[in-house]
Amino acid sequence: MEILPKWADAVLVPIFSLLIAFALSALVIIAIGEDPVAAVKMMVTGAVGSTYGWGYTLYYATNFMFTGLAFAVAFHAAMFNIGAEGQATLGGLGVALVCLAVPWPHWALALPAAMVGGALFGAAFAAIPAWLQAKRGSHIVITTIMFNFISASILNFLLVNMLRPKGSMDPATAKFPAGTNLPTLHDILGVFGIPFSRAAPANIAFFIALLACVLVWLLIWRTRIGYQIRAFGKSESAAVYAGISPVKIIMVAMLISGALAGLMAINNVMGEAERLVLNSVEGAGFIGIAVALMGRNHPFGIFLAAILFGFLYQGGAELALWTNIPRELIVVIQALVILFTGALDNMVRMPLERIFLAFRRGKA
Amino acid sequence: MTIFQKFLGATAALALSAGAALADPALIFDLGGKFDKSFNEAAFNGAERWAKETGGTYLDIEMQSEAQREQALRRFAEAGANPIITTGFAMADPVAEVAPDYPEITFVNIDGFLAEIPDNVLMIAFEEHQGSYLVGILAAMASKTGTVGFVGGMDVPLIRHFACGYAQGAKSVNPDIKIVANMTGTTPAAWNDPVKGGELAKAQYSQGADVIYAAAGGTGVGVLQAAADEGIYSIGVDSNQNHLHPGSVLTSMLKRVDVAVYDVLKSGADTQTGQMRLGLAEEGVGYAVDDNNAALITDEMKAAAEDAKAKIIAGELNVVSYYENDSCPALSF
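Chains Z and G are the protein sequences, given in the same order. Taking the working numbering, the leading residue of the first sequence gets 112, the next gets one more, and so forth. Taking the working numbering, the leading residue of the second sequence gets 22, the next gets one more, and so forth.
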């Protein structure tokens, strides 16, 4: 059945997709009269050429890892969860409430509590569409999309009317107390004597995201429930025949998915902004879909894809800072990568498969 | 685009980040983008005017994400840009965070609020409620149905502040006037959604509104269009939008962000820091009368608005600010 060997599927297809996307981006940059070579150089040096660049790249990557994992877990159960955006938004609310409710003495105490808060809020927000799907057959794509808007409205209402400090014009919570400030990579690597940029927002949440990658791998491929999730995702009727309850699998997969999305808030809300602002998620929930698809829904692939998208975000920011390439075109470049790696997968895969087939016939 | 900061090669960017002195000022636009036909564009126009007059150049960036706020500030500061001007209330806290690290650089924020302003920061606030009060008077006098509309952008305190001044102005003319107020949305997309703006305007028209004030950034373009289509009046915001639909745009509530940016750029690094409030007296806000709408504003209307303006400047008339106690005496949200 499998025409491509595994390594080609995992490595060659994404690399060719990326090359096509970058070639098209170069054409776009030439079309507006800029130098694509200099632009690429600036993106690379800006994103990975210094610890400062790495700090931002890894910060964005941490967000994408959480939302990518969130999407992947649901996807293994054939649930297309587009709601990571909303679940992460509400996760932010959970984290903010935990951080503001108690005068935390030390981050080591605040972090686990905030993780529970973020995960609970995210999972609870995913539970409603999941239940509607499991019990009522309301399509999860439609409900989760609509729940993204509901989450934005809930947060807006709470920030504008209740959580905003008096007199402030900015719809955002007060700054979290110092006891909740997470150590950044600068602090952590400093312990080992490794110098790292102080300004960059990457923080301990990056390591939690790595841990989450490992745990999701264990869950999906090394546990009974993971097997059930995969079996259900491959064929619902076969899973039912094997005694697997669809309601249970849909609920479990979506709750884990929502919790992972909600966990993202420890990075962007607690680690970076240190307060809850209105659009703190800013599309990471949607990028997570591309990250998961590009990473073939495998935690290691998601890790790599998240780093790539972190690179695109930070490199794009550097382009915006120092060139007059308008930000819309930077979005175009990012979108081209998503288009080729996510949506136009077969365009690369089919010619590759043909080449491999021809090669094999030649050998036989 | 030619007057923009020229493309800096990768090497130049590295040299800049290494701290080479660069006296160019920098301008950071908020998420709405610099071509929003409104708030950010006004800042852009002010900077362009300065660039044209002095031949100077400036760095600029449009925000794409929350994490970029502090990043852009630090990057420009390390490159030696001075002064660094930011637009939008969301930049206030990042400015407060970054400014103490670069005491030799002047930071400017427009629209924001800080309880404690660092020594090298200038906060520029506009008394939008005063300008909105005046256009509220004009709206109520131009209305034949006794119903006026308000379309806001995102539901944030700043926009309620606009609506509140407008409602007070309208009620000062006609205490029984009906005010239909709608917000476009709860996400930043609400600043740039002319289609929804147009739908809201049409819905308000069907409720009897015949003058609609749009304080919604790029969304307002749709409000003005819908009002022109329905043959009713609209009121523009921030920039002078009278020319968009002559004969239909009753007036525009001016918020002279362009003047503020121009003045800051002109005084450069010597800009006075602290809090600056630009109201009617400073001509920071006002209403626009030009060839496009001169026929719509009767002498009687003009007299009423000028009278209120004089009273506000003299302190005889107090327009209640929404910020004072997070509520509005003339309108509930």
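Hints were generated in silico from the structure; no laboratory data involved. A portion of the hints provided could be inaccurate.
To be verified - Examples of chain G residues lying across from chain Z (beta carbon under 8 angstroms, computed): (1) Tyr79; (2) Ile82; (3) Glu87; (4) Ala93; (5) Val177; (6) Asp197.
Remember, predicted model here, so these are calculated numbers, not experimental data. All C-beta atoms in this analysis are idealised placements derived from N, C-alpha and C, irrespective of residue type, glycine included.
Cross-check of the supplied hints:
1. Because the smallest distance between the Cβ of Tyr79/G and any Cβ of chain Z comes to about 11 angstroms, over 8 angstroms, the interface hint for this residue is violated.
2. Look at Ile82/G: its Cβ gets to within about 5 angstroms of chain Z, closer than 8 angstroms, so that hint holds up.
3. Because the closest C-beta pair between Glu87/G and chain Z is about 6 angstroms apart, less than 8 angstroms, the hint holds.
4. Checking Ala93/G against chain Z: minimum C-beta separation of about 6 angstroms stays under 8 angstroms; hint holds.
5. The criterion of a C-beta within 8 angstroms of any C-beta in chain Z is met by Val177/G, whose closest approach is roughly 5 angstroms, and the hint holds.
6. Given the 8 angstroms rule on beta carbons, the hint for Asp197/G is violated: about 28 angstroms separates it from the nearest Cβ of chain Z.
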